[in-house]
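Number of protein chains: 2
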Amino acid sequence: MMRAARREPCERTPVWLMRQAGRYMAEYRAVRARTTFLQLCKNPALSAEVMLTAVDRLKVDAAIIFSDLLPILEPMGFDLEFSAAEGPVIHNPVRTSADADRVRELEDLDPLGYVIETVRQTRRGLDESLPVIGFAGAPFTLASYAIEGGGSRSYLHAKRLMLRDPGAWSSLLGKLARAVTAYLNAQIDAGAQIVQLFDSWVGCLGPDDYRRYVLPHARTVFQGLRPGVPAIHFATGNPALLPLLREAGGDVIGIDWRVRLDDAWRTVGHDRAVQGNLDPAVLLTGAAEIRRRVQDILDQAGGRPGHIFNLGHGVHKETPVENAVALVEAVKELSAAGTP
Amino acid sequence: MMRAARREPCERTPVWLMRQAGRYMAEYRAVRARTTFLQLCKNPALSAEVMLTAVDRLKVDAAIIFSDLLPILEPMGFDLEFSAAEGPVIHNPVRTSADADRVRELEDLDPLGYVIETVRQTRRGLDESLPVIGFAGAPFTLASYAIEGGGSRSYLHAKRLMLRDPGAWSSLLGKLARAVTAYLNAQIDAGAQIVQLFDSWVGCLGPDDYRRYVLPHARTVFQGLRPGVPAIHFATGNPALLPLLREAGGDVIGIDWRVRLDDAWRTVGHDRAVQGNLDPAVLLTGAAEIRRRVQDILDQAGGRPGHIFNLGHGVHKETPVENAVALVEAVKELSAAGTP
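Protein chains in written order, with this note's numbering: chain A, 68 to 407; chain B, 68 to 407.
I should point out that these hints are in silico values taken from the structure, not numbers from a laboratory. Note that the structure is a prediction, hence the values are computed from the model and not measured. Hints are supplied without guarantee of correctness; some may be wrong.
As the list claims (entries may be wrong) - Distance condition first, Cα-Cα at most 25 Å in a straight line; then the derived DMTMM-like pairs of lysine to aspartate or glutamate:
#1 B:K384 - A:D232
#2 A:K109 - A:D146
#3 B:K384 - A:D146
#4 B:K399 - A:D275
Bound conformation, chain A alone:
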């Protein structure tokens, strides 16, 4: 995994899955029956345990820490709740310039100490040949939650603030970018060997808006990270942003399934590594279809150094665990066999 992130030759393609510890797994559901999602995130021993269990079950090549994008917003002044029905809810969303002013700089990481401790305990429990991946939400995606107050379909509140009050927008994203940088560096200091920045919702923007309103803040994050630690820049929902994601930064560019991996890698440039890009819906089929699709993606990667196999987005909760296991086995076996 570390070699692939640096585009060094590997004996086979490394593989892990976004949301590899999650509701599709019985062991995870058993833990969640005893605790809320936010309580679980705030319990480092349990967070490490659910991830280590998933790594053991799937035999993947990396452990991303078990956490969420949104806890970083709490010490910045947001009132965050995970509701069973609606998912994440922020009770005091940013809608005006005055709201943006009230968002606090993250000067003290102590309130996020539980995440840092999760990194440590995950690192301690993990086979030493496997890396721990730290992560954070990207400034745009965090801002979209902070402004919408939760999930959204069209991100109208976020876009309205962005377009009507670029000063407030820039102030908010600047605070988020600085917070995320410090947060990822703290994860690195605690033992994370790779970090991933999730810009999960930025695909709702076109390239010109991305360049103007988002790219400078994403770049702030990548430029501020500890040198020598590979960073993965992941976005979803809009293949037309790929050249700009590269421009913003990241040693590895995450690719979703809306574009062929070969086309995406050519667009990103072969001087960067890529991660992806199976449609997670394929995990709802069966072993034969999964194997066929894995081979197809490996063929597109063409044995070129610098490919990390992953889904194009997180594992769906409807996924049979045996299919996730079959995926990992197929990647290991077919990539070791080499491409024809």
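Take the given structure of chain A and dock chain B to it, following the hints.
Then chain B, alone, in the frame of chain A:
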């Protein structure tokens, strides 16, 4: 508008807006206060009236008939309801091969006579210099509603059927493609001078799945349309599909805002017309920003014949009407002034 659809030179760029008659408009809300959405769709006089009112208010260059994507599903055996809270709901969705078998061929268009009558009454009430646009949902988008039973975020039921039971999938999409073709031809016979096929949700697929599971059915529709009537092929959510949309058919390719218009037109090929592509969120700003963005899109079109100005998706209900009016005025004025 007709000249632009045929890539003939125009004195200025024609403009209309998807969902130009809708909840953002007080006149429309007044009508809806007295009737449900489905009752309105089934009342040709009222459907024609709401569209003619919108055309008059906005001074756009075309009237799309007021209707919805889903009524075509009723005579095919689906139990359709528009709920105020959840939007469209289909109470008997297709989940199995047996369900797909039960879907009826649309052999008789009489049950959709109210749509055909809406075309006639819209044509009758409209200034004769303006065209009436007929429309239908594309096979994939109709199938996604028919399978999911309503809106969806990840289209897992649809993808599962598509990948696990390609026979049932193909049977369902074949029936939908034949139904849509007959339905659009009936609209043309009743006076529609242009037709638009809406593949609103197909952006959840990657190019290989589109080519294999969707393209043949979209092509069936375009190949079956009355010759000589320009057809607009609109999809949203994935710029990587543009070359395949072109391949499937359509004289005009609809472009959403996730890609620059100049890049999109180059990808589609300058031997096709294009329609688009302002982010509808821009209509939540103000006249100055709208004007700036219109100029930018006109500059990208570069005065080349074959550009129809539109949004990249429908007007949001939060849009101030005066901003929609300002958009239409800006397109007319700035395109008549010529590009620098």
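Hints and how they fare:
Annotation: proposed proximity of B:K384 to A:D232 holds, straight-line Cα distance about 21 Å (limit 25 Å). For the suggested pair A:K109 and A:D146, the alpha carbons sit about 15 Å apart, so the restraint of at most 25 Å is met. Distance hint between B:K384 and A:D146 is unfulfilled; the C-alpha atoms sit about 28 Å from each other, more than 25 Å. With a C-alpha separation of about 23 Å, the suggested pairing of B:K399 with A:D275 holds against the 25 Å cut-off.
Hint compliance for this structure: hint 3 is the single one not met.
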